[in-house]
Amino acid sequence: MSAFRTCPTTGLQVHRTADQLIKANAVVATVALLVGGIAALLVLLTRWEAVLLLEADMFYRMLTIHGMNMLIFFIIFFEMAVLYFASAVLLNCRIPAPKTGWVAFVLMVVGTLMVEWTMWTGRADVLFTSYVPLRAHPLFYLGVILFAVGALTVVGHFFAIITVARKEKAYEGSLPLVTYGALTAAAIAAVTLLHGAIIYIPTFLWSLDLMHVDAQMYRLIWWGLGHSSQQINVAAMVSIWYLLGALTVGSVVLNEKVSRTAFVLYVLFISMASAHHLLVDPGMGPSWKVWNTSYFMYMAVLASMIHGFTVPAGTELGMRLRGATQGLFGWLKRAPWGDPGFSSLAFSIVVFGFVGGITGVTFGTEQINIIAHNTLRIPGHFHATVVSGTAMAFMGITYYVIPLIFRREIAFYRLAKIQPYLFAIGMLIFSMAMTFAGTFGVPRRHWDIGFNQALFQPEFSPAVNLIIGVMAVGGLIAIVGGAIYIVVTVVSVFFGKKMAADDSGLGATGRGLPPGITNPPRPLKPEDKEALGPSGRLGPVPGTMVLVLIFLAAFIMYYFVNWMLLSFLWEVG
Amino acid sequence: MSEPSPASSSQAPPGRGGDLPVPRMQRLYDSPFLLLAACIVVMFVFFTAWGVFEIMSLEPAPLP
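Quick mapping for you: the protein sequence lines, in order, are chains H and C. End of the first sequence = 597 in our numbering, gap-free, step of one. End of the second sequence = 878 in our numbering, gap-free, step of one.
Source of the hints: derived by calculation from the structure; they are not laboratory data. The beta-carbon is built from N, C-alpha and C at its ideal position, and this holds for glycine as well. Don't take every hint at face value.
[Unchecked claim] Sample of chain H residues facing chain C (criterion: CB under 8 Å; computed from the structure):
| # | residue |
| --- | --- |
| 1 | L201 |
| 2 | V202 |
| 3 | V276 |
| 4 | V282 |
| 5 | R284 |
| 6 | L292 |
| 7 | W312 |
| 8 | N316 |
| 9 | F320 |
Please model the complete structure; the sequences and the hints are all you need to start from.
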């Protein structure tokens with residue numbers, strides 16, 4: 025059997041080992057998503073005061089399990105699959121060290137199982153941050169270390185793949201933009217995992233009573249891992265935005281220089297956003313805080329703003345060049361909203377940008393952070409970014425990975441079509457309600473905000489009960505959306521109808537395949553640009569210009585409201 | 815029409831053949847290990863090392 029297969033849909037030469045590594049990592053990611061999702065349901069039904077399902081100790085256990093499975097295991101296993109796809113598959117090249125790839129995978133799985141065992145047996149109720157002096161079982165830390173070593177090996181393997189691809193001339197010119205985005209994710213991953221090693225090795229030794237670990241030092245180094253790991257997610261998510269745009273509607277790259285510069289800004293500045301977790305820490309001086317959260321983080325925010333423009337703009341231009349030129353938003357109306365890949369892309373961009381991005385940048389301001397820190401505003405922000413943004417984008421690309429890599433049709437395709445809508449609407453309600461509740465001072469990571477067993481009961485506004493109820497309803501809708509994704513994915517991968525090796529019969533029914541596969545966007549011709557005609561006052565992408573102006577207005581409004589809220593607390597003069 | 819797709823290699827536009835040198839910034843961006851090094855150095859200098867220095871230079875609080 026040849027080491028490569030030719031993808032009948034795309035014509036790409038796919039190394040069979042890359043196929044297998046992508047599948048293995050994607051399957052484990054989905055299992056982690058399931059575990060994290062079950063924990064999510066239990067946590068949600070406890071934070072909903074009307075239910076208060078779990079006792080305090082089980083609540084913090086489930087919160088730990090939820091955080092580790094979602095933020096570490098699900099997302100990083102999926103990103104390993106993305107790295108292999110963006111390198112070996114998109115560059116038509118071989119995996120140079122297959123055994124290394126499998127050893128790394130096994131290390132990650134072993135590490136995951138060790139951590140899961142310690143969490144489920146009550147030996148690691150330390151939450152995702154595992155702050156010292158909260159002490160978990162030594163195998164918790166050792167498991168994380170093994171996982172990180174495995175992931176770092178895959179990152180190194182990715183760099184080896186693109187080096188080999190260049191040497192063997194598997195591609196010409198520069199790396200494709202999607203691969204370039206994956207490269208930036210890999211670079212940030214290297215920094216992230218190095219910080220993980222620096223802090224988890226001493227903490228493992230501390231758990232064995234072999235050395236002392238200072239709590240402030242731990243927080244500093246840990247957030248070099250903790251938030252940077254989310255920046256890997258941002259870079260990977262944006263890469264997938266570009267990929268989904270190309271697959272679903274034939275989006276174009278407006279300007280290679282601009283998009284790549286934005287990715288370079290991520291590499292240079294995005295990790296410094298870790299510092300906003302330390303804004304209220306007394307151990308860090310103001311100049312460190314201002315430099316790392318203001319000057320540096322805004323350069324990374326600029327990068328997100330650029331992608332927030334270029335991705336929808338590339339989509340709009342790609343569609344206008346193919347004839348969707350009616351008015352400002354004709355292209356949006358004609359977009360394939362029934363394609364779960366496209367709807368995931370659209371919702372990922374909107375919710376990530378409007379809710380996640382705006383809130384995150386605002387919290388990075390030291391003064392506003394004072395009123396936001398440790399409230400539900402923080403999880404409101406990161407559920408909008410990581411879940412509605414990154415996870416949603418990953419779900420969207422899964423609907424293309426299933427036919428392209430697993431070579432199966434999508435099971436329950438009608439359910440798959442509505443899944444992004446359910447998930448996005450649920451998460452939007454959930455994260456916005458969380459943000460509102462946090463504005464009223466509701467704390468995060470808190471078992472019972474009624475303080476029923478406490479010496480005193482701080483009074484929250486009565487509106488909080490309603491907001492928490494709305495949050496719970498939104499969360500339940502999102503969980504249904506997530507459950508549909510898992511069912512569709514698992515059934516498709518293991519029991520889905522196999523596609524013919526030569527794609528014969530493709531599109532005969534089209535029931536189980538997204539339109540980007542059965543009826544891909546037609547290649548552009550030189551006359552398409554001429555047919556577009558001259559641009560108006562808003563340029564060649566007027567619809568996107570209007571959307572970003574709306575976004576800018578929302579951003580200004582949110583900033584203004586936050587400073588106004590702060591002024592209620594801090595009287596000046 | 816040679817509008818680039820995000821999933822394909824970025825080639826020189828028609829008319830700019832192999833005679834013209836690749837621009838310096840493009841060559842810089844195309845260096846994966848330079849990018850990796852920049853990421854590591856910037857993060858470790860401005861966040862980690864500076865942060866460690868801040869903590870280490872804190873004076874111990876006097877005990878009552």
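We went through each hint and held it up to the structure:
1. L201: Constraint on L201 (chain H) satisfied, holds at 4 Å.
2. V202: This interface hint holds because 5 Å falls under the 8 Å limit.
3. V276: holds (4 Å)
4. V282: At about 12 Å, which exceeds the 8 Å cut-off, the nearest Cβ of chain C leaves the hint on V282 (chain H) violated.
5. R284: Given a least distance of 5 Å, the restraint on R284 (chain H) holds.
6. L292: holds (5 Å)
7. W312: This interface hint holds because 5 Å falls under the 8 Å limit.
8. N316: holds (6 Å)
9. F320: Holds. Min distance 7 Å.
In terms of the numbered hints stated before, the structure departs from hint 4 and from no other.
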